[in-house]
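The primary structure of each chain is shown beneath.
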Amino acid sequence: MYSLNKRIGGNRAVPPRPILAAKRRRQLHPFFFSMGPVALCISSTLLIGLMAILYLTQLGQAVTANQRMQDYQAQQAILRRQNQDLVYVISQEQSPQYIAGAAKALGLVPADPKAVHMLNVKDLEHIREIDPHIQP
Amino acid sequence: MSVELRRARNRQMLIFLLVCVGMVTLMGRLYYWQIVRGDSLAQVAANEHIQNQILNAPRGVVYDAREHLLATNVVRDDVYIEPIQFSADHGPDIFQSALEELVSTLHRILPSVSEEILYKDFNLELQTVRIASRIDPAQSAQLRSLQLPNIFLEPRTWRIYPGGSLAAQVLGYVQQDDQKSVGVYGIERQYDQLLAGRPGSFTAEFDLSGNPLVVGASAEQPAVSGADLTLTIDGTMQYIAQTALANAVKELDAKSGTAIVVNVRTGAIVVMAGVPTFDPNDYSKSATLTGCLGQESVFFNPAVYCAYEPGSTLKAVTMAAALDQGLITPDTTFNDPGYRTFNDAPVVVNWNGLGYGTESMTQVLEHSANVGAAYVAHDILGPKRYYPYLAKFGFGQATGISSQEETGLYRTPWNSPKIWTPGDLTRQAFGQSIEATPLQVAMAYEAIANGGVMMRSYLLAVCNNNGHVVTTQPEVLRRVISARAAMLLTGMLRHSATDGFARPAQVPGYTIAAKTGTATTQGIPKDKTEASVVGFIPATNPQFVVLVKIDQPQNTIYGATAAAPLWKYIGQQLMWYYHVPPDAV
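Protein chains in written order, with my numbering: chain U, 1 to 136; chain D, 137 to 721.
No lab work stands behind these hints: they were computed from the structure.
Keep in mind it's a predicted model, so treat the numbers as computed, not measured.
Keep in mind that a hint or two might mislead.
Once the Cα atoms are required to be at most 30 Å apart in a straight line, the calculated BS3-like pairs of lysine-lysine come out as [claimed, not checked]:
1) K316(D) to K554(D)
2) K662(D) to K104(U)
3) K421(D) to K662(D)
4) K316(D) to K256(D)
5) K316(D) to K421(D)
6) K554(D) to K662(D)
7) K421(D) to K391(D)
8) K104(U) to K391(D)
9) K386(D) to K104(U)
10) K520(D) to K554(D)
11) K386(D) to K114(U)
12) K114(U) to K391(D)
13) K391(D) to K554(D)
14) K386(D) to K664(D)
15) K104(U) to K114(U)
Partial pick of chain U residues on the chain D-facing surface, computed with a CB cut under 10 Å [claimed, not checked]:
16) M69
17) A74
18) Q75
19) Q76
20) D85
21) Y88
22) S91
23) Q92
24) A100
25) A111
26) V116
27) H117
By construction, the Cβ of each residue, glycine as well, lies at the ideal position given by its N, Cα and C atoms.
In isolation and in its complexed conformation, chain D is listed as follows:
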């Protein structure tokens, strides 16, 4: 073999060996990527392409009794900027001018975002920064049409209340963050699970723009929309009552107020208004406001959450207990010198210190005589015949209408054996030493108006859960007093409205049965009253129970002067609105 041939063979061998080494190296590398790192890299790749999107379920809407929307959803955009990408896309030579132009454009479209903040945000070392939230549709359209660099819009669903503060304390509000929405207070809280629905999911491969690819495997679990609710609240009457209540509270320089209208025949709540109130579209502004005489947050519904001493309005309950047991008649008389002493309880005096001499039970209500009520409770009824009626009328028990409800309380010889005294009984007879919510008082009168039968109060009329419709049927809770006792008491309350202190509540053309109350709380000055009127209209064929309560009015402090005019106004509007024929002509 020649030398040249040998050299050629050696070169070939060397090249072959180099190729072999290269191949082995490549094989090794291939083994490393495919076998050693294969699984983890496949996972990373899959994560990059396959995404799981949460499909948010649309929250159910809320209607009033006339199918007008009280709460619904709208989509609004949030505006984001990409500071790091903006810096990368614009070199140092053009960065400042491009930034100035962009900031100026953004500020022109979004005047609420200052240029200073925008400059600051663009200098942050972050991938994305949200610069504005919930912008107007017009602003969204402008930004979309301009197609500004490194700016993108993210749509987000928002809960919105077209009526603003209308029935706000009944509705509550929804607390929304980037992840989820939770109903807080009112109907939004009580029926949160129903309203929220069930979110779904969508798993698929996505392209670089984040759009799902139909080619390839995908799995979808559709979202289930929330249930739509229809309330018993009538938006128009609610507005009338709420506006009138707000005006009354302002005119009387009062701290707060409550108005309730209940359908006598069904127990449905037609109006439930509280003042002060809030706008659930912008609830954070009212975070420091307080209702319930400044004791509770304004977000609570005062009709069910603010217990108070109902005062003389409770005299009707005392009379009901005695009438039902046949212990008195409306004409039963006793001597009222203006005070009464008891051997086991403190002396009771009439609110005005006046004595009325021989006085019938009807006149006790007309005069709103504390002495008469205490006499009936202490001398005629006694604890064993009085307290079961307080329980039957629903005092001290939740109505079940709300998840945030006060039950109220009162002492009895059985629940407070050590601290109860007969003095409690005499005071409870005219509405002191007992705490009740405005709704409990209204429902007690509902039972009287409904021939002695108490209906279950309710706010939710219809629940439409994706086609599965459930309608609330009026439900009899219990018979509280006999029909005869209810009729006699209605007659007494009519007298209270024609000849008694509830006279200013009279509605022209209609008969009413009503009782005023001017409650004072122990430990609070006497002029800090809770003025109220509760009754029903028309008295001959009761349709609505109306309760009006004004807390600590300054200009006039009595139920007859502070609350009765508003009661009259609401009563009249109710009769007109529902075309109830006059019964007093």
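This is chain U alone, in the form it adopts within the complex:
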């Protein structure tokens, strides 16, 4: 550890001239370079302006993205809704009563169980295995 006097040379240091000292007092040292107040004001303004532009650009992009996302979401909702409607229409048209109605409209009539004739085919082996679809 050392004191301030030791660091700047103690009593042996030459005191700065008054005018130079006043000048130095008016000068500011933001980083590693000296800058006058006017220059500092201008550069600060520029910096703030730059940051504002950057922020506004980012914000604009975010808002655009937000808008796009909302559009996508709305589109997705519409597509989902259309899909549901189509699934419903398909299931309706697959339903037995719809098919029966359509068949009737085409002039088809249900098969009459009384009109069924069983034919005996000689030497035909009995099939013991039934349709696998029988298992629900």
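Go by the hints and put chain D onto chain U.
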């Protein structure tokens, strides 16, 4: 100091003081808004911008065994108007003309909403009024394209059943309001929690139009969709049976009817139909309809909820108990003079009053002789050897297939020691003094058809809970009778179908084992019967148990004449539909 200078200083001082007072006032006001009211105002602002939306979980869909939709969801719009805003936007000079134009346009697009009602609604002092609900997609498109002022559409998800009344009593329906949907009756009720899923939430800042802003804090808990269910019901067979049942009930001028088809090997329910039924898409229209002989709401599934006296179909159970214990054989004979007296029970007579003389047990089923059944139960079995079989066949117990199920009941010396009499035993032998659901009777025959092994009946085949798939495996419930007893009884029931009253149920090309039943209930006139047939097909390799029950038919009252033709029709359709090879050629 000159006078002018002093005055100037005084003016400056006054201005300074005024500025100070102004500043202090402003500071005070600032303190009031920022410090005193700060928190509450911040909360109000946050409430205005930050909203919490409930994300509704899509309700699971229901398929039949062939993966055809039985229940699904669609989005339909509700139409709202803004009466207060409309008045504010249109001055008194143009209000009437604008209103007339708007009402006329709305009525043209939504003809179901009368102009009178629209005028009335627009004059209400309310922010929003719903004028139509669940409008057609075409109407929605029209309204959207017109962009009418002070009109907006609110989409809402609705449960919809593409098959209309198909298997309605199995499915039940969903009661929907603005807040939530609840399954009522049937599968919708039983699996409501699974089908409903779990709603999520979305918290974020919203713009004036109510759209969420991605800039800013937001939190989302996604909704979990409901599980999709696949039933064992086959939509096509269900339709065939349900339509045929409805026709039969109409032709016979009956009150109601039930049809059940069970897969013998698995216990899966293939068909479960009831008449009268309802359209779950518009269930409110059927709110006053009743089923179960007019005793219960039409929304209940009669196959599991309407207990009845099964009548002569229960004679097979009496025979099963005696055969299984080796107390009789199909050829065991006794004398049937047409009546039988018991020292501790009322006399039992045959339904037609006829005596058959020396009669084998097979002939008891053929003739549907009450005397023979009562003789077996009372003289051969007795309570200790009879009632355990009723329990083993599942009578008086819930099958567990539905959350809304009747168990049925019957008296025994143990559950009703004070009121049970041997007369109960003799009557129960031929299906009176006992109440059972149609499903219980069908499952009793399933056990006989399945070599004496009863399977657990089930309706839910597959549950797909967001990728977690659970498939119901057929489950053996218990062995009820020995395989030999089941085989002997099947032979007796085949005779009942070839030489007995179940003859009209015979299906060309196939062997069947069936028994008719014509039940009457005490206290009700004798011609008010419950005509039924239950049996299985093909008898040599049983695949399906079919039960048909017609309640109080007017044109003909017997099981053989009222229910057997329908049984035959369903049996034949089953054989064709599933390509079961004929076994009787």
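(message) Which constraints among the numbered hints does this structure fail? Numbers only, ascending.
(response) When the structure is compared with the hints, numbers 1, 2, 3, 13, 18, 19 turn out to be violated.
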